[in-house]
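Listed in order, the protein sequences are those of chains A and B. Take the first sequence: its position 114, counting from 1, is numbered 114 in this note's numbering, and each next residue is one higher. Take the second sequence: its position 113, counting from 1, is numbered 113 in this note's numbering, and each next residue is one higher.
The reader is advised that the hints may include incorrect statements.
The list cannot tell twin chains apart, which means a pair is met if one copy fits it or any two copies do.
To be verified - With a straight-line cut-off of 25 Å between C-alpha atoms, the simulated DMTMM-like cross-links for lysine to aspartate or glutamate are:
hint, residue 1, residue 2
1, Lys71, Asp86
2, Lys122, Asp104
3, Lys71, Asp92
4, Lys71, Asp123
5, Lys122, Asp14
6, Lys114, Glu133
7, Lys122, Glu16
8, Lys108, Glu38
9, Lys71, Glu16
10, Lys122, Glu70
11, Lys122, Glu32
12, Lys114, Glu38
Note that these hints are calculated values from the structure, not bench results.
Number of protein chains: 2
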Amino acid sequence: MLGRVNHVAIAVPDLEAAAASYRGTLGASVTEPQALPEHGVTVAFVTLPNTKVELLEPLGDASPIAAFLEKSPSGGMHHICYEVEDIVAARDRLLQAGARVLGDGNPKIGAHGKPVLFLHPKDFQGTLIELEEV
Amino acid sequence: MLGRVNHVAIAVPDLEAAAASYRGTLGASVTEPQALPEHGVTVAFVTLPNTKVELLEPLGDASPIAAFLEKSPSGGMHHICYEVEDIVAARDRLLQAGARVLGDGNPKIGAHGKPVLFLHPKDFQGTLIELEEV
Chain A
1 MLGRVNHVAI AVPDLEAAAA SYRGTLGASV TEPQALPEHG VTVAFVTLPN TKVELLEPLG
61 DASPIAAFLE KSPSGGMHHI CYEVEDIVAA RDRLLQAGAR VLGDGNPKIG AHGKPVLFLH
121 PKDFQGTLIE LEEV
Chain B
1 MLGRVNHVAI AVPDLEAAAA SYRGTLGASV TEPQALPEHG VTVAFVTLPN TKVELLEPLG
61 DASPIAAFLE KSPSGGMHHI CYEVEDIVAA RDRLLQAGAR VLGDGNPKIG AHGKPVLFLH
121 PKDFQGTLIE LEEV
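Based on the sequences and whatever the hints tell you, model everything.
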């Protein structure tokens with residue numbers, strides 16, 4: 001079921017500083033920051049040969065990463081996103097196996113314009129998993 | 001400088017249970033567990049089309065992931081490993097930029113038999129970064 005790792009997301013308190021550190025200190029290519037008010041984040045991507053790292057900064061009052069950064073103010077690895085071919089089939093398989101899908105269980109349109117679901121970290125060794133249909 | 005994401009490492013309290021969950025619930029291919037006493041971990045890899053996820057269970061009394069699991073008993077994302085072409089050149093560039101390399105600053109032979117270095121999470125938004133020469 002799991003396909004490629006689409007991205008690894010890192011929550012950061014200061015996107016400009018994080019992008020500068022990946023560009024300058026680590027010598028990576030980083031896209032320009034993009035504000036996504038409907039998702040409560042500003043994002044920039046570290047582009048790597050085989051996948052990407054998504055740097056996420058909270059945007060607005062109800063950012064989904066605000067609680068994470070309250071607990072870890074300097075930031076940290078937030079989730080890992082895997083590609084799946086059919087997100088409804090994936091969801092049904094997960095529910096049948098007893099795994100919990102966050103929210104109302106229906107795929108939403110994610111930050112990349114594709115249908116996504118998030119799985120409960122307690123069912124996967126403390127790791128927040130996003131599935132994205134590609 | 002940063003090349004491919006070689007792996008994303010997840011610390012888990014029970015490797016057998018974690019492997020079963022990635023195999024069964026998530027439908028991924030997982031290698032057989034391998035004990036690496038000299039590194040204080042038992043590892044299994046979730047093999048994905050573009051990279052891998054390294055599941056790490058503590059082994060022995062002085063495991064480098066013991067403290068992490070004390071803080072997060074159910075597990076969690078532990079580090080991300082990027083490939084570099086020349087680890088000594090990478091190290092020198094990082095030190096010049098003011099970043100901290102863990103340990104004595106010299107590359108060690110890592111769990112995959114290749115020279116590796118770890119960078120201080122405080123210099124990279126709370127993310128523990130491993131560099132591996134390939």
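These are the hints, each one checked on the structure:
1. Lys71 <-> Asp86: neither (34 Å within a copy, 36 Å between copies)
2. Lys122 <-> Asp104: within (17 Å within a copy, 36 Å between copies)
3. Lys71 <-> Asp92: Neither. Shortest intra-copy (32 Å) and inter-copy (33 Å) distances fail the 25 Å Cα cut-off.
4. Lys71 <-> Asp123: both (21 Å within a copy, 18 Å between copies)
5. Lys122 <-> Asp14: Between copies only: 13 Å across chains, 28 Å inside a chain, cut-off 25 Å.
6. Lys114 <-> Glu133: Within one copy only: 6 Å inside a chain, 35 Å across chains, cut-off 25 Å.
7. Lys122 <-> Glu16: The answer is between: 16 Å across copies meets 25 Å, while 32 Å in one copy does not.
8. Lys108 <-> Glu38: Within. Shortest intra-copy distance 12 Å satisfies the 25 Å Cα cut-off; inter-copy 45 Å does not.
9. Lys71 <-> Glu16: The answer is within: 21 Å in one copy meets 25 Å, while 29 Å across copies does not.
10. Lys122 <-> Glu70: both (20 Å within a copy, 16 Å between copies)
11. Lys122 <-> Glu32: between (34 Å within a copy, 23 Å between copies)
12. Lys114 <-> Glu38: For Lys114 and Glu38, only the intra-copy Cα distance (14 Å) is at most 25 Å; the inter-copy one is 43 Å.
Hints 1 and 3 from the earlier list are contradicted by this structure; the remaining hints agree with it.
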